[in-house]
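Protein chains in written order, with our numbering: chain A, 1 to 439; chain B, 1 to 798; chain C, 1 to 189.
Derived by calculation from the structure, the hints in this document are not laboratory data. Heads up, some of the hints might be wrong.
[Said to hold, decoys possible] Output of the computed footprint for chain C on chain A, the stretches with three or more beta carbons under 8 Å from beta carbons of chain C: (1) 134-143; (2) 169-181; (3) 190-200; (4) 260-267; (5) 344-353.
[As the list claims (entries may be wrong)] Chain C is faced by these chain A residues, among others (derived, beta-carbon under 7 Å): (6) GLU95; (7) ARG104; (8) TYR212; (9) PRO436; (10) ARG439.
[Claimed, not checked] Mimicking DSBU-like on lysine-lysine, the simulated pairs with C-alpha atoms at most 35 Å apart in a straight line are: (11) A:LYS140 with C:LYS147; (12) A:LYS139 with C:LYS77; (13) B:LYS500 with A:LYS214.
Virtual Cβ for every residue (Gly too), placed ideally from N, Cα, C.
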Amino acid sequence: MSTGPIVSGKDPRFAPTLYAHVGKPDSWKLDYYLAHGGYQTAKAVLTGKQPDEVVEEVKKSGLRGRGGAGFPTGVKWSFMPKDGRQHYLICNADESEPASFKDRYIMEDDPHQLIEGMIIGGYAMAATKGYVYIRGEYKKAYERLVAAIGEARQQGYLGKDLFGSGFDFDLYVHRGAGAYICGEETALMNSLEGLRANPRMKPPFPAQSGLYGKPTTINNVESLASVVHIMQRGADWFAQMGTERSKGMKLYQVSGPARRPGVYELPMGTTFRELIYDWAGGPTEPIKAFIPGGSSTPLLPFSDEYLDLPMDYESLVAAKSSLGTGGVVLIPQSVCIVDAIWNLIRFYAHESCGKCTPCREGVSGWLPQLFEKFERGQATHQDLKTMEDLLDQIEGRSFCPLADAAVWPIRGALRHFREEFVHHIEHGTCAVQSGPRWR
Amino acid sequence: MPKVKVNDRTVEVPPGTSAMDAIFHAGYDVPLFCAERHLSPTGSCRMCLVKAGSPRKGPDGEWIKDESGEIKIFWFPKLMASCTLAVSEGMVIDTLSDEVRHAQSGMVELTLANHPLDCPTCDKGGACDLQDRAYEYGLEQKFYTGPTGEPVYTRYEFSKRHVDKHHPLSEFIILDRERCIHCKRCVRYFEEIPGDQVLDFIERAVHTFIGTADEGLPSNFSGNITDICPVGALLDRVARFRGRNWEFEQTPSVSTEDASGQYVWIDARSGRIERIRARENPELNDIWISDAARFGHEWVDQDRVTTPLVRKGGSLEPASWEEALAAMQKGLEGVPQERVGLLLPGDATIEEGMAAAELAKTLGSGYLDFEGRSAVPASNFPAATFADLLEADYILTIGDPTEELPLSHVWIYKRLRGVKTPPRLNHGTPIADLSIREHTPPDRSLLGAFAPYPTRVMEWAEAKGVFEPGQASALLGAIDALLAGRDAPRVAGVDAGALKQAAQRWRKAKKRVLLLGAEVLNDVEAAQLAEKLAKSQGALVLAMTPAANARGLEAMGVWPSGDKMPRALLAAADNPPQLLLDLAEFKVFHAARLSEVVRQHADVVLPAKTSYEKLGTLLNVENRLLELRPAHVEAGEAEGLIQVIYLFAQALGVKSSLRLVRQARARFTERYKINLDKLEEFGQVWRPRVSLSPRPRQGEGGNLYLRPSMWKSRHLLGETVQRALGTLTLAAHPQTALAEGLDVGATITLQTPWGTQAARLEFDDELPKGWFFLPALGSNPGARVPFKALVPEGGEAR
Amino acid sequence: MGFFDDKQDWLAEVFAQYPEDRRRSALMPLLRRVQQEEGYVSFERMKEIAEIVGTTATEVAGVMSFYSYYQGLPTGKYHIQVCRTLSCKLAGSDELWKTLVERLGILPGEVSEDGRFSLQAVECLGSCHTGPVIQINDEHYIERVTKERLQALLDGLSEDKPLEEVRRTLPGEEETGKHVIELVKGGES
Ligand SMILES: Cc1cc2nc3c(=O)[nH]c(=O)nc-3n(C[C@H](O)[C@H](O)[C@H](O)COP(=O)(O)O)c2cc1C
Ligand code: SF4
Ligand code: FES
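Just chain A, same shape as in the assembly:
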């Protein structure tokens, strides 16, 4: 197992990197970070490399955005104009997709890693100002991040003329206040500008006109943290992990009835089976389905066929789902699929921003009413047809992908567990009886 690409966390060549220090005492402090080689990479980059070289290196690594969409990070960076205007780098730390909680521990336990990543990113794109948009509920992460920024600023790692390179970079943290849509990059910018967080029209894309109308790039926490290691150990090191088009390591999350639910850093291409059984300790009760990549990704049956899928972008697309943010949720046999999906639909209904018709009236208005009808046992076959029609009318028609994100879980459920919906229609109740789950 020591040649070829690394596609298992058990490969001896693999060691946790992004999470190497998570959970260590005082890991969030500057002294700790410095003792473990902190800010050396930024220094080397700022004093030894041209911005373009950084962009090239990141491109070469094959890093794809970890915020869910998987867009190649280096390519995104190369969209930034070279125009001498104020540029911004925004770190998307909104992390509001149900089943995702990976970015949180980077900020709580290793905030300097993120800061260093942002310095490098800022340098690569001539962005002298950065914002971390952090979801409002992450109090601890916020406090640690702000403290870390303070420390870094004090040491001259932020501010003017970093490492004598002549490059200025400063960083601020802006807290959200409970709105999932703020994770969408243009809504995030509106929120940062003090406007209602409705998504903006694209084009213009953020790289042309983003925050305050200036060229802006938005990256996920994990993406930016990964950059530190790519620049430290090289694109080739990064690219040796993972599959053909999904490179590097990734933070996977497991929640639901597993023995050790949590975050696991593994190479891209690791199988669900390895994640769930070998790392998360396996389920604590019989499982019938799992959500592979966060609440918006269509669920898959908990069967050998799907458990053996490698966790990379392409394999999941082939399985008619998506890798998303890598948040796996185990759904036990004793829980009704209609009930579980209804929970997610309620989430999307609650989080719709209300800007466009299909999302406001469809996702937020009509779908919940249909689901309620199923829950009350009053749904008919016609309702199921209506629901499917409605999904057709919503999907691909909304202003931003939030509405699609609400459609997909239902699609997955109907694809694999249609009989549970039919059971609701024919028997007026759930196909399974769930006992109390609270301990």
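Given the structure of chain A, go ahead and fit chains B and C with the ligands onto it with the hints provided.
Chains B and C with the ligands in isolation, oriented as in the chain A frame:
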């Protein structure tokens, strides 16, 4: 220019055009709710989905071809909202396929999901975009079949969202939240056109609703949201429940509420004006009108004079025209002809002005005047057009554009937001202009604003200042000095830095526009300095006189010359100066309603047509000829001024050659080679040569400043306007008021040379000390007059 | 007196984060500060904030009502936010919610008679592996809320002990606070 293929037709449109506009330009239709001319496209209703694709170029720079050698079209993976999609060379757009129609019908269905079906009681019925589209798409049986295959027209069987159905946003506008389809037009409108952030979405998701947390809506441009609301969610409260859309006779005309000549539709029913709406004029008012132009019509059918009246034994009695003529002959007997005066309303037409000037000349009378005349003729200044404001790289306002020339407020804000003149397409103004962007902050460096009190446009100005009433000449003198490189004398209240900044920007600018208010136009010295500023530096001017047709009347020679006060008077104005009324022995009024002044002073009253009922021509502030057209209003024997002048001449025993508008127009054509019957669609610029000398106004002096206001006293006769404006406010710096023994909130009766007025005292510490400010209500904006304040009990406060 | 009158230094610090002509960006931090200290944002405060950042009360209301954290009505001293999204639901948050509603005798939007408690069901808090999760006010999460831990929590709060102290001394808090990384190692051994 990109070539775009819409279904089977290929059209060329300017780069940056939206797919939606390309579709309309090609003569096809696409449904829409949220897109609206002059507002930023948002793509939120998703109604305008189309299928679109474009060719791509290969690495060799050639179009990529398909197997059959045709240029290959790469279709977008999803349907696209055509309002937010920019065209590109070779783009192909399909609006007719089943896929597209199906998606659009889905959006209609979703839009209707929570929309009440109360069309029978909705004012918008018959003119509702949603109703039309529901009718068009509602019969898509294919997708709406019941269990046994029978057509089903709705499958939305849940109870609709129930929210506030009668939510007054202001006295003028009522909101039905259930009907709102969240197109956001109204919100974008307020933010982008008048620049007020007073309306917004509240809450989110399906609970989102329109609301305001400020006190009502500012009533300058609020009414436009009732025009652009695609459904019946926002309604004009003056017009509510006064008729169905198909019952109105709609007359295209022009508003005479101010000197801009906004294009309006007058909707009348059974001889009564029920509603006024904006009429599009892309060169003038786009699709917007001021609230005064929209809501200020209620007085028209109140207290209407419908027959001639003659004073008999102290009271005015109905009479025939013959009797009126006889009474006039009798009253005018013995009055020397040169002592007969003519006072016109500020909105008298060019045709009427021509007749009046002819008569005055025949009589040899020097008292030929019009209401709202400024001391210095507006014609002295090189006129700017509103469109010039979009080109300007510096705008300097001395006065209060928002109140004095409401439209200029809108154009100034357009300029500051960087809006460009849109192209004209086959269907007119682009519906989704992609160059307009939401949340664009105004560029303050383009505007300097000075006035004797804080004005709305000052909020957008980098250089600004409040000077004392009467100090406009000091201000202009200081600017003049700065421009000449001299040290400027201090202007009390104005920050020297701000003045310097304004002068600097002015000097650097290539295209300058100067807006002058009553404060300058009525101060001969200030006006002359302003004229110098404009002429020596090459600036264009919007002279904001309160008279709708000041330039037209001046061009016809309606301007006083002698110093003798008339002994007999034909007064067609609302509020003639008190002195004039006191000195004239015999007074004929041409009036539409029996105001207090008329009741008190008239010897003979002749029933007048209002400007809503006349045919005639105006020359607006930009020197644009505009045509007034008569709406059908039931007004008894009311006659136009031209006929009345003819009769008045007859009573004087002289001959007038103009008895009909037609005759005046013929004379105009003869003189100026312009046919007023065939003006261009959006009005026609005409630059008459006028040379008149300044005529200072009388009765100045005192510390009550009559602040310009969009609203006129006649508007207050309307119930709604009355409620909206409430009691007038008398504003003063707290120190000034307290020194006079007046405290905040006190209700005061004011005696001024312009009549008696009730007002409530309010403090405003941004006002210059030593002055009181009262809305002029049309009588004499910018005048500084003495006043007496009486507290309600009749006790004298000072 | 205005809420921010004596917080000028703090205001200056907040504004320094954003470009000078973009004071409006401070809207959310200002709303948060009021919410934190007063438990809700009154209309008066909206107007004050509007004035400070240079906009209208309408805009402030529009922004404020968009987010679930800001409250338009007064909340209790302890505003308990219960996550109800899928992973927490699978860990029993429905029952936890019902228990709270019954025990405190209040519904969302209400404040308990003693002024101590108010309740809000919220969406995913980003701690799906340690459900059910609750957050009180703007403080650190309380994770893995078992019946036993809930009891101890409510007991502690009813005695008005400082929130952080109560949280730290909840039964099993030490285990709960441990990181999965450590747990993994524990699992391996
Ligand atoms: C509704 C919605 C919610 C999103 N939420 C998040 C989020 O919480 N965190 C995140 O990093 N990206 C989120 N995204 C994706 C971002 O829009 C954006 O693609 C991402 O931050 C880019 O960073 P990356 O290229 O590093 O992935 C969301 C997207 C949508 C449409
Ligand atoms: S009130 Fe009318 S204009 Fe305003 S958002 Fe609703 S539907 Fe649109
Ligand atoms: S999305 Fe509303 S008109 Fe295009």
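Cross-check of the supplied hints:
1. 134-143: Holds, because 6 residues of the region 134-143 of chain A bring their Cβ atoms closer than 8 Å to Cβ atoms of chain C.
2. 169-181: holds (count 8)
3. 190-200: holds (count 7)
4. 260-267: Per the Cβ count (5), the hint holds.
5. 344-353: holds (count 5)
6. GLU95: It holds, given that the least Cβ distance between GLU95 of chain A and chain C is near 5 Å, below 7 Å.
7. ARG104: holds, 6 Å
8. TYR212: holds, 6 Å
9. PRO436: PRO436 of chain A check passes; min Cβ-Cβ to chain C is 6 Å, inside 7 Å.
10. ARG439: holds, 5 Å
11. A:LYS140 with C:LYS147: Cα-Cα ~24 Å, so holds.
12. A:LYS139 with C:LYS77: holds, 18 Å
13. B:LYS500 with A:LYS214: holds, 31 Å
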